[in-house]
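Undergrad: Kindly produce the complete structure, drawing on both the sequences and the hints.
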Amino acid sequence: MKPFTIVLLSAILFFSGCQEEEGYQEIDLNQRATYEDLHPTDGSKVEDSPLVLAIASIVSAKESFSAYADLIPYLEKKLHRLVHPVYTKNYREVYDLLEHRKVDIAFVCCGLYALGKRNDIMELLAIPVVNGDTKYQAYIIASKTSGIESINDLEGKTIALTDELSLSGCFYLLYGKTRNLISRDQVVFSGSHDASIQLVNRGIVDAASVDGLIYEEIAARRPQSVQNVRIVEKSPPFGIPPVVIHPRVPPTQRERIQTVLLQMNEDPEGLSILQRMGIEKFELPNEENYRTVFSFIPDSLTP
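Per our numbering: the sequence shown ends with 380, consecutive numbering throughout.
Honestly, the hints are just simulated from the structure, not real lab data. A hint or two may mislead.
To be verified - In the DSSO-like style, the derived pairs of lysine-lysine whose C-alpha atoms are separated by at most 30 Å in a straight line are: (1) 311 / 212; (2) 166 / 155; (3) 221 / 234; (4) 234 / 194; (5) 358 / 221.
Only a predicted model underlies this, so the values are computations on that prediction, with no experimental measurement involved.
TA: This is the structure we're talking about:
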């Protein structure tokens, strides 16, 4: 896969001020431990080594992302095992970590899952239920002053995408209906759905493709952040971003982790964490929900 040309558009400077204003937090990736650091090869039992969990900052709106930190001690208590979180800035890092077996489980988007499934480095573990549903949509949004009324108006416009391995934030727009309509020099990668929405709302770019769940969460909690935004199109329903596990995690460990996730909504502490994450509960995965995702990922695409 050839890397996209990333037009910075002075976005780094813009968002360094914007994030400070709205309370975003930087994550120091230098503090990460590797899988080998945390999984000794001296004959220790798997149960005695930490469970390594990857969480990309793009996975959630900033209001609910902080709740993922509360998930770590909860899992440790329920699993009777140290859980080490690995926070990443993008999905490529998550893919690389799973490909090299440096993490056990991860919160990912369905586009990344499709790529990982195709290359036998990820399997579904659990899926969240949000607003009573296990599916979600990509939203194509535009500034109200951009003159964009339909996706046919995107030609020649500046477009924010979130991550080069995101379905809702990249694949759907680039490899869907607009496959031959958008050129790479129109694109700026924002790094998160929040940032893409802000870029559109402030008129810095004309349009964006974002996660509909995150858009609706921001619209409900911060309506001023979408006051200048129009929803141009909603995608067909896709399987919701899942929790995945590396295929080599032992079955007994897989079952134990899965059980803890599936039962979170049954105790007050777990339910409170879920609510802050914007999730009602976790369910067993349904592979059928993700079949349509593969049609938006070219066979030639490799991370």
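Undergrad: All the hints need checking, so say for each whether the structure fits it.
TA: Hint check:
Between the alpha carbons of residue 311 and residue 212 the distance comes to roughly 13 Å, so the proposed pair stays at or under 30 Å and holds. The hinted pair formed by residue 166 and residue 155 meets the criterion: a straight-line CA distance of about 28 Å does not exceed 30 Å. Straight-line distance between C-alpha atoms of residue 221 and residue 234 comes to about 13 Å, which keeps the hinted pair within the 30 Å bound. Restraint check: the Cα-Cα separation between residue 234 and residue 194 comes to about 34 Å, which exceeds 30 Å; the hinted pair is violated.
With a CA separation close to 36 Å, the supplied pair residue 358 and residue 221 exceeds the 30 Å bound.
This entry does not satisfy hints 4 and 5, going by the numbered hints stated previously.
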